[in-house]
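Q: My request is simple: use the sequences and hints to build the entire structure.
These protein sequence lines map, in sequence, to chains A and B.
Per my numbering: the first sequence = residues 1 to 516.
Per my numbering: the second sequence = residues 1001 to 1516.
Any given hint might turn out to be false.
What the hints assert, rightly or not - Simulated restraints, written as ranges between beta carbons of each label pair:
| id | chain 1 | residue 1 | chain 2 | residue 2 | range |
| --- | --- | --- | --- | --- | --- |
| 1 | B | Arg1454 | A | Glu491 | 50 to 60 Å |
| 2 | A | Gln428 | B | Met1283 | 32 to 42 Å |
| 3 | A | Gly120 | B | Ser1449 | 32 to 42 Å |
| 4 | A | Gly505 | B | Val1323 | 56 to 66 Å |
| 5 | B | Ala1211 | A | Met1 | 48 to 58 Å |
| 6 | B | Glu1261 | A | Arg177 | 55 to 65 Å |
For the record, the hints were derived by calculation from the structure and aren't laboratory data.
For glycine and all other residues, C-beta sits at the position ideal for the given N, C-alpha and C.
There are 2 protein chains.
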Amino acid sequence: MNGAQALIRTLVGAGVDVCFANPGTSEMHFVAALDDVPEMRGVLTLFEGVATGAADGYARMAGRPAATLLHLGPGLGNGLANLHNARRGRTALVNVVGDHARSHKRLDAPLESDIDAIAGTVSGWVRRSLSPADVAADAADAVAAAASAPGRIATLVLPADVSWEDGAAVADPVPVRPASRVAPSVIRDVATVLSSGQPTVLFLGGDTVTAAGLLAAGQLAAGTGARLMTETFPARAVRGAGLPEVTRLPYPPEMAIAALEGTAHLVLVGATSPVHFFAYPGMPGHPVPKDCTVHVLAEPGEDGVAALLALAEIAAPDAEPEVLEASRPELPVGELTPRAMAAVIGALLPENAIVVDEALTSGVGLTELTSGAPRHDWLSLTGGAIGDGLPMALGAAVACPDRPVIGIQADGSAMYTISALWTYAREQLDITTIICDNGSYAILEHELSRVGARGDGDRAAKLLTLGGPGLDFVALATGMGVPATRARTAEELADQLRQALAEPGPHLIDAVLPGR
Amino acid sequence: MNGAQALIRTLVGAGVDVCFANPGTSEMHFVAALDDVPEMRGVLTLFEGVATGAADGYARMAGRPAATLLHLGPGLGNGLANLHNARRGRTALVNVVGDHARSHKRLDAPLESDIDAIAGTVSGWVRRSLSPADVAADAADAVAAAASAPGRIATLVLPADVSWEDGAAVADPVPVRPASRVAPSVIRDVATVLSSGQPTVLFLGGDTVTAAGLLAAGQLAAGTGARLMTETFPARAVRGAGLPEVTRLPYPPEMAIAALEGTAHLVLVGATSPVHFFAYPGMPGHPVPKDCTVHVLAEPGEDGVAALLALAEIAAPDAEPEVLEASRPELPVGELTPRAMAAVIGALLPENAIVVDEALTSGVGLTELTSGAPRHDWLSLTGGAIGDGLPMALGAAVACPDRPVIGIQADGSAMYTISALWTYAREQLDITTIICDNGSYAILEHELSRVGARGDGDRAAKLLTLGGPGLDFVALATGMGVPATRARTAEELADQLRQALAEPGPHLIDAVLPGR
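A: Below, the structure is given as structure tokens:
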């Protein structure tokens, strides 16, 4: 058995049976070994950022890591932005990065680069496999490192000859370390805070935004008067009718500050203390009020849901959570504004959908108008590196083939990883992509004024618009095998979305918004 | 004057007046400052790999660096693969990477990452600007570092508040260190080698593949019997009628070994000693014969052309170089094979063209059939990280607006940076892109067998083909504003190429090759 075969069999044995791949010469034995191990599903992407973003979306939905297969340092580099997002979301993910054969390293061949250094910038675990005898154990360690709480990126560098040489054997899985329990004293301390009657916010993030977590938090809200809030961009949030209403901390700093104003106690549950995405001149770096005390109920890596349940038993034993009733907005008519788009989505969101939200500025009203929709999952851009939406939807659809995936995708951001559409078509994934086509990097137009830069001239403006020529997303999608339509009114969007949801396979709707 | 204004004025004063940009919030003051400094041309790209590849192509043709503007670690990550190519080609290039404001760094905001570590993997010079008072001097140092022989990547990390705070002033340019002269004793030693009568190859690379360098090398060949060869993928090679014929060292290892067989002396001129791109089981890592002695006439960073001229005066003072006569292949008819494509290009290549070659396996016959064409420049993929072709053509066209640019582009490779086409259209660049559309990663199909991997099953094969669905490059190009046509025969390609070359602005031709 060669190294590649042992590696793949070990991955499969450890529960990693999907590999999002963009291979090169040094990975050819890995590719060949896919024929020997049919349990491993190889999914080809045309760009590494699609592979890494897909692995991120996959793990968020499957609850276990996927592998990526990347070609040397440049391939890892192409995957880096979405690995950044995965790192920020504490996603479990196993990168396999091919490298030159050991004998070739000292020759400084054209593709030589410092893979280990690049990997180190995003990984919580990096190892270079040094022999076929080691590679399977290395792979087992990689999976355990990735999947142990709170989840991290594990990168295994795989020299070509370690792949191709014989003498390897499959390794047993290494136990995955589950989330640790929060100490009872911490829970009692937070219970005391909640009983103070002072304005308190339970701030949920990480892996606590689940049905169980939300219902426990809702019980606490009902029993103690605490408000519920989540991170601005939780990796995965369960939402919809039957669950308590939870505010998302707004992205714009002035709105985030307003949302937390008057809070005396901020209790972190699986989340870190909120900070603004960016610094702005003359503004504090975070929205937490000066006299607010921050408490940590559960750190990332601790079992935040168990902590919430235990806390609810102490602090609000008899309370019942208030939950949202089923409700949908009416289907709007006329102009297709971002809010109308949100209403169409809220009106038609199918049961058990997975929403991948990279709408950015076009997402106005989206969470509000979908809050009473049937139960669904919502995946957000955890690390702020745009271009994760299309790939995440790909990964989510591979993880959950029986659930409809809806990607709500800003136009500028879509272009970073647009080739994801081709893999949607090849794998015939049930993904409906709605492009928020406003013809600009609208978020940067907002940010330009927010940071106090003038930028009122033509030359600056030209770097913020996507016009001259406009992007034709219908042509781009059909060019990659995804059926596509264009919606210019709310009615057209509703018709097209209904039809796309009714048919299996991928669809793209170019929603033409004001500005375009 | 704020830091951004001083930075841009300093760059312009140092001769850097083009910036390929994909900005984000932390770069908004840089963007706004473009309105204040009209001498700096900002060129928007939709993906950072396009920006970095364009800066690579620009510098190869302009002979001076362009700047890039990238957004934090993820933006730099997206640009990393083409920075790898630029590094391998010793391209002078100045990255400006925006970062969080200094006050924001310790907050570990979602976009926080180790920019310096990422930058270090590709840069020969990295600095973080620590105050508005320093930023201009930092920029001047960056340009000098980038442009000093032999050329390198200089990365300046620019915190947002260093951009936006006042108190900055323009800095004078820092002298660029020119290539050093080779010691006379080295030239005399190589002259002795050449006079030995033993089989000798002059191996040219780096910045020596110019008209002056080739003519001096040709004189040496005529006078001493030495053979002339270049690196497999020189950054920029001048070619065509009136210049000596020079063999390119072939890419396939067995052909490279054959090309150097029997060589007793290999004389490096601006190149490093050749190695195979990859290791292959049971094959040596490089093509240099065992009993061949390697001599260094000029290292990268030394003036190799001056060394060739001095050597020619000593070793072949009276010889006249043999040069290629003007010749073109006949226009082929019928099936559109790679060789027919090469013949069409050779027959129609305009005077003074810039060819950007990322044809990979479809490039069979390309150099042969263009060798007698009118004088032209040829840019190659220096670092082996595919996806550099479309961006390099963009940069070359910005550098040389009066010269036609022809990109010969493999289909799989095109998809990494396909959004470059949009910038072609926006900037109305005179670029004709020929897609070598064989519907597969053909190079990997070759490599799979070359490394001795079986890979004869469906599951491996699926990772090497681009079918199911096929990519429609005509739709992709028109979707980004580039007029496009499809050629299925040699005659169609000739007609379409002639027409594309006759019209200004960008055009794309999808050349449908066997396999598709």
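Q: Evaluate each hint against the coordinates.
A: Evaluated hints:
Taken as a hint, the range 50 to 60 Å holds for the pair Arg1454/B and Glu491/A, whose Cβ atoms sit roughly 55 Å apart. Between Gln428/A and Met1283/B, the C-beta spacing of about 41 Å keeps the proposed range 32 to 42 Å intact. For Gly120/A and Ser1449/B, the hinted distance range of 32 to 42 Å is satisfied, since their beta carbons lie about 35 Å from each other. The hinted range of 56 to 66 Å is satisfied by Gly505/A and Val1323/B, whose Cβ atoms lie roughly 59 Å apart.
Look at Ala1211/B against Met1/A: about 56 Å separates their beta carbons, and that is inside 48 to 58 Å. Distance hint check: the CB atoms of Glu1261/B and Arg177/A are about 57 Å apart, consistent with the given range 55 to 65 Å.
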